[in-house]
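*Asks:* The numbering of the sequence shown is numbering that gives the first Met the number 0, which starts it at 0 and goes up by one.
The hints are simulated quantities; they were obtained by calculation from the structure and are not laboratory data. Hints are supplied without guarantee of correctness; some may be wrong.
To be verified - Think about it this way: if two alpha-carbon atoms lie no more than 25 Å apart in a straight line, the pair counts; the simulated SDA-like pairs of lysine to any residue are: (1) Lys-315 to Leu-210; (2) Lys-519 to His-490; (3) Lys-51 to Gly-31; (4) Lys-386 to Met-549; (5) Lys-401 to His-164.
None of the values given here were measured: they were computed from a predicted structure.
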Amino acid sequence: MLLELNIENFAIIENMKIEFEPSLNVLTGETGSGKSIIIDSLGLVLGQRANKDIIKKGKDRAFIEAVFSSYDEETKDLLLEYGIESGDLVVVSKEIREKGPTITRVNNRTVTSQILSKISSHLIDIFAQHESISLMDNKNQLKLIDDFSGKDQGELLENLKYLVHEINSLKNEYHEKSTMEQNKDREIDLLEYQIKEIEDAGLSDYDDEELYDDFNVLNNMTDTLIKLSEAKSLINEGYETSSLEDILDKVIANVVEVTRYNKDLKEVEENLEDIRFRISDIAKDLDRYVSSSEVDEERLQFLRERIDLVNNLKLKYGNNVKAINSFYEEISERLRFLQNFEDNLNKLLKKIEEKEAEATVLAEKISQKRKKTSEILEKKVEEEINKLNIKDAKFKIEIKEKELSFDGIDKIEFLIAPNLGQDLMPMAKVASGGEMSRIMLGFKSIIAEKDNIPTLVFDEIDTGISGKTAQIVGNKIKEVSKDRQVIVISHLPQIVALADTHFAIKKDVVNNSTISTIDKLNYDQRVNEVARLIGGMNVSEIAIETAKEMIGD
0 MLLELNIENF AIIENMKIEF EPSLNVLTGE TGSGKSIIID SLGLVLGQRA NKDIIKKGKD
60 RAFIEAVFSS YDEETKDLLL EYGIESGDLV VVSKEIREKG PTITRVNNRT VTSQILSKIS
120 SHLIDIFAQH ESISLMDNKN QLKLIDDFSG KDQGELLENL KYLVHEINSL KNEYHEKSTM
180 EQNKDREIDL LEYQIKEIED AGLSDYDDEE LYDDFNVLNN MTDTLIKLSE AKSLINEGYE
240 TSSLEDILDK VIANVVEVTR YNKDLKEVEE NLEDIRFRIS DIAKDLDRYV SSSEVDEERL
300 QFLRERIDLV NNLKLKYGNN VKAINSFYEE ISERLRFLQN FEDNLNKLLK KIEEKEAEAT
360 VLAEKISQKR KKTSEILEKK VEEEINKLNI KDAKFKIEIK EKELSFDGID KIEFLIAPNL
420 GQDLMPMAKV ASGGEMSRIM LGFKSIIAEK DNIPTLVFDE IDTGISGKTA QIVGNKIKEV
480 SKDRQVIVIS HLPQIVALAD THFAIKKDVV NNSTISTIDK LNYDQRVNEV ARLIGGMNVS
540 EIAIETAKEM IGD
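Produce the entire structure from the sequences given, and follow the hints as far as they go.
*Replies:* Structure, rendered in C-alpha cells:
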C-alpha cells in the first residue's frame with residue numbers, strides 16, 4: 000500500500016508530506032485548494048510525463064516521492080528483472096529540473112518512465128474523471144475484457160502481436176520482391192557480368208599486399224643493383240682510398256701487435272676478427288644477389304597490369320580483396336535467388352499462409368476467452384450498476400468479427416440501456432456523466448476481485464451524483480476498502496463521512512505566494528468538514544448534528 004507521499008515545489012505545493020493509512024483515505028478541500036494536484040503528482044511519480052511548467056514559481060526543481068509497502072511476489076520478480084534491489088519498501092521518486100533532464104528512480108536506481116509504469120501498475124491504480132470517458136472507447140473496452148480474462152490472456156496477446164508483426168514483415172518482403180519481376184532480367188544480366196569480372200580476376204589474399212611488395216621490388220630493381228654493387232666495391236676495392244677490408248686488416252694487425260704484451264685486449268682482437276669474417280660474408284651475399292638479379296620487364300608489366308585490375312575492382316566492389324570477395328558471395332546468392340525467383344516467391348507466399356493460419360488459430364482462442372469473459376462480465380456489471388442505483392439497467396458486450404490485427408479478430412462495443420424499456424445502445428451515446436462514473440466504479444470493483452493491486456485511487460468518482468446515489472456509491476467504495484487501501488477525493492458528505500482517515504487540503508497566501516497545505520483531521524475536525532460540505536461556509540448546528548450522525552462513533 001501507499002505509506003507516504005512527499006511533494007516539494009510542485010505547482011502551489013511548497014512542501015507536503017502525507018502519511019496514508021490502510022482502508023479508506025478521503026481528501027477534501029475547496030475548489031482550487033490543490034486536491035487534484037496531489038493526484039497529478041502521484042500520476043507523475045508513477046510514470047506519466049512531466050512538464051517543467053509545474054515547478055513552483057521561483058524554484059529550480061520539483062521533487063515527488065512515493066513510498067509503498069506490502070507488494071506481492073510478482074512485483075518482487077519484476078524489480079529483480081530490472082536489477083532493482085527489493086526490500087520491505089518500494090520507494091519511487093521523480094525529480095523535475097528546470098534545466099536538465101527529469102530523473103526517475105526506484106529504490107535509488109535510475110529507471111526509464113516505461114519501466115516505472117510497468118512497476119507502478121503492480122502497486123497502484125488511479126481512476127480519474129477522464130477515465131469514465133475513456134471507458135467509451137472501444138480499444139479501452141477491449142483492454143478491460145482482456146485484463147479481466149487473466150494473465151494467460153496477456154501472454155496469448157503478446158504471442159499474437161509477435162506473429163502479426165512477423166506476417167506484416169513477410170508481406171512487405173513479398174510485395175517488394177513481387178515488384179522486382181519487371182527488372183529481374185536486367186538485374187540478372189548485371190549480376191552475371193559482375194560475377195564473371197570478379198571470377199576472371201582470380202583474386203586471392205595475395206593480391207592485397209604481396210602484389211604491391213613484389214611490384215615495388217621489381218620497379219626499383221635498377222636502382223637496387225647500382226647501390227648494392229657500389230656497397231660491395233666499397234668493401235672489397237674501396238673508392239680513391241683503401242677498401243673496408245684493407246682498413247679492417249690494418250686495425251686487426253695493430254691490435255694483434257698490442258695483445259702480445261697486453262692480454263686484456265684479446266677479446267677486442269677476437270671481435271675484430273669476427274667482424275672481418277662477417278664483412279667478407281656480406282660482400283659475398285651482395286655479390287650473389289647482384290649476379291642473380293635482373294630487371295624483368297615482362298614480370299614488371301604483368302604486375303603493373305595486375306595492380307591496375309585489382310584497383311579497378313576495388314573502385315567498383317570494395318576497399319580490399321576481402322571486401323570484393325564478400326561482395327561476390329552476396330551477388331552470387333542474389334543471382335541464385337533471381338534465377339529461382341518464382342520458386343522463392345511461392346515459398347514466401349506459403350510461409351505467409353502458414354503464419355496467418357497459426358495467427359488465426361491463436362486469435363480464435365483469444366476470441367473464445369473474450370466471449371466467455373464477456374458473459375461473466377455482463378452479469379457482474381449489471382449486478383454492480385444496479386447496486387449503484389442504476390436500477391433496471393441492462394448491460395451487454397457486443398463482439399463483432401473484424402480483420403486480423405495485433406489485438407485479434409474482435410471489435411468490442413459496450414451496450415447499455417440505463418432505464419427499463421430502453422433499447423441497448425452504445426454506452427457513449429446514452430450514459431450520463433454520473434452513470435459513467437458509477438459504471439467505471441462497478442468495473443473497478445469487479446476487476447479488483449481478480450488483481451492484487453494493493454492501492455486504488457479515485458479522483459472525484461462522485462461526479463454527477465448526489466443524495467441516495469451518493470450514499471450507495473460511498474458504501475461501495477467502503478466495501479472495496481475492506482480488502483485494500485483506497486484513496487478518494489470527494490466533495491460529497493455521504494462519501495466523506497465514511498472515511499477511516501480524513502485529510503483536509505487548504506490554500507493560504509504566504510509572502511504574496513499561494514501555498515497548499517494538508518492536515519489529518521481528528522474527530523471534531525472531521526465533523527466540521529462534513530458539516531461544511533453539507534451546509535456550505537455557514538455551518539449550522541443542524542449540519543453539525545447531521546455530520547455526527549453520518550460519521551458515527
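*Asks:* I'd like to know which numbered hints this structure contradicts. Please list them from smallest to largest.
*Replies:* Of the numbered hints given earlier, the structure breaks none, since each of them holds.
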